[in-house]
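Asks: Spelled out, the chains give:
Protein chains: 2
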Amino acid sequence: MKQGIFYAVGVGAGDPMDMTLRAKAVLEQADIIVTPIPKAGGTSAAYAIAAQAADLSHAERLDILFPMQAHNDYRERLRSGVLQPVCAALDSGRQVAMVTLGDVSVYSTASYVRQLLAEKGYATQVIAGVPSFCAGAAKAQQSLCENSESLQILPAVHSREAVETALEQFDNLVVMKAGRAMAWLLPLLRERGLLEHTTMLRDVGMPSEYIGKPELEPYSYFTTLLIKGGDL
Amino acid sequence: MKQGIFYAVGVGAGDPMDMTLRAKAVLEQADIIVTPIPKAGGTSAAYAIAAQAADLSHAERLDILFPMQAHNDYRERLRSGVLQPVCAALDSGRQVAMVTLGDVSVYSTASYVRQLLAEKGYATQVIAGVPSFCAGAAKAQQSLCENSESLQILPAVHSREAVETALEQFDNLVVMKAGRAMAWLLPLLRERGLLEHTTMLRDVGMPSEYIGKPELEPYSYFTTLLIKGGDL
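Each protein sequence line maps, in turn, to chains A and S. The working numbering puts the first residue of the first sequence at -10, with every later residue one more than the last. The working numbering puts the first residue of the second sequence at -10, with every later residue one more than the last.
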């Protein structure tokens, strides 16, 4: 029997026009769109973005709950059977595409889903997307790395020590998921004279977008700091 | 007088379908496409990719020579007057788009061009693209970073010490422009037991594409290594 293919699709960082031609093509031919939602009855930011650039009207939508909580073991959750409807769809030969913000290979739940399905023997493909730090750097018209400079990407969630270590010696540093960490990140950057070398990106591509000097409020999960050290 | 806008456009890492919807739209409305070429009479990989996905037939093409040599000071070269035709076009109100492989913010010459034009007072915009390491990770169906892992991106050109330092302590490491460095990179990875955790990406999206275990030959400028340390 013909088996379906699971596509993990990066839709870019907030702006529908940042979607790739392949992401649009794959989503428009999919039978089922899997959308990660943060709470029951909630909406998927990734789906909303995709729906603005691609015609998703013919596809069935399948929500899967992924609470945005630190220390949440998504792999464990996925093994609990939440993927059963996805497996059933693939078994019946249907094409299933899961949307994810940014790029699939950068902190994405779709990456775990794909891996578990591949382990079960399903055919999978990954459709790359523009990661949020690239989308943000474009909007801020800044380079992330030049010449022989390095680029380090760190999530601020439960890793203050890692951020402090990175600030000891770096060329360019991107701190992702910085929202809740701003309370200690801001004083740290001020102390090290790095505030004027830092650009804050919040909700890139969304109506609440902010690009500019770092500030504490309002809180957003999608907060990224670009810190330039190359010229220091 | 109306002045044109300069767009630095990332076209993705080799596959035309990796271009974003905005890159296609901007290139199709541009009056002039600036293409970086590695030698006189040479071709531009970025232009070839863009031309497969976007209709560029109405745009004038303007080649600018950027020799791919280490220690080449592109900024100095750009200040020498090579941008004069671009400035003239912008002064006459024409829209100018420069194509670049991957993303504009990641080791791109277009980023220097944009910066110099902005310094001269021209309006500029950056159109983000899928960087080569994301395109490669997608093809290899690997994640670059998960959970609280960090990601470090390093160019191998003239920075063996930096690579060795990074290998001392890392979660995930991407070594770009690794082609000529493979002669010392391969023994180094073997010595540290990292060969089996390394995926080599060469000419991603091009006919000569290779994704698999690291190997020495043939040499390509577009060689990237993905090294996973998170599970070690």
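I should point out that these hints are in silico values taken from the structure, not numbers from a laboratory. Treat each hint with caution, since some may be false.
Copies of the same chain are indistinguishable here, so a pair counts whether it falls within one copy or spans any two.
[What the hints assert, rightly or not] Pairs of lysine-lysine residues, derived as DSBU-like cross-links and limited to a Cα-Cα distance of at most 35 Å, are as follows:
no.	residue 1	residue 2
1	Lys109	Lys28
2	Lys109	Lys128
3	Lys28	Lys202
4	Lys(-9)	Lys109
5	Lys28	Lys(-9)
Asks: Work down the list of hints and note, for each, if the structure agrees.
Replies: Status of the hints after comparison with the structure:
1. Lys109 <-> Lys28: Answer is within; shortest intra-copy Cα gap is 27 Å, inter-copy 49 Å.
2. Lys109 <-> Lys128: between (40 Å within a copy, 19 Å between copies)
3. Lys28 <-> Lys202: within (31 Å within a copy, 41 Å between copies)
4. Lys(-9) <-> Lys109: within (16 Å within a copy, 59 Å between copies)
5. Lys28 <-> Lys(-9): Within one copy only: 34 Å inside a chain, 49 Å across chains, cut-off 35 Å.
Of the numbered hints given earlier, the model fails none.
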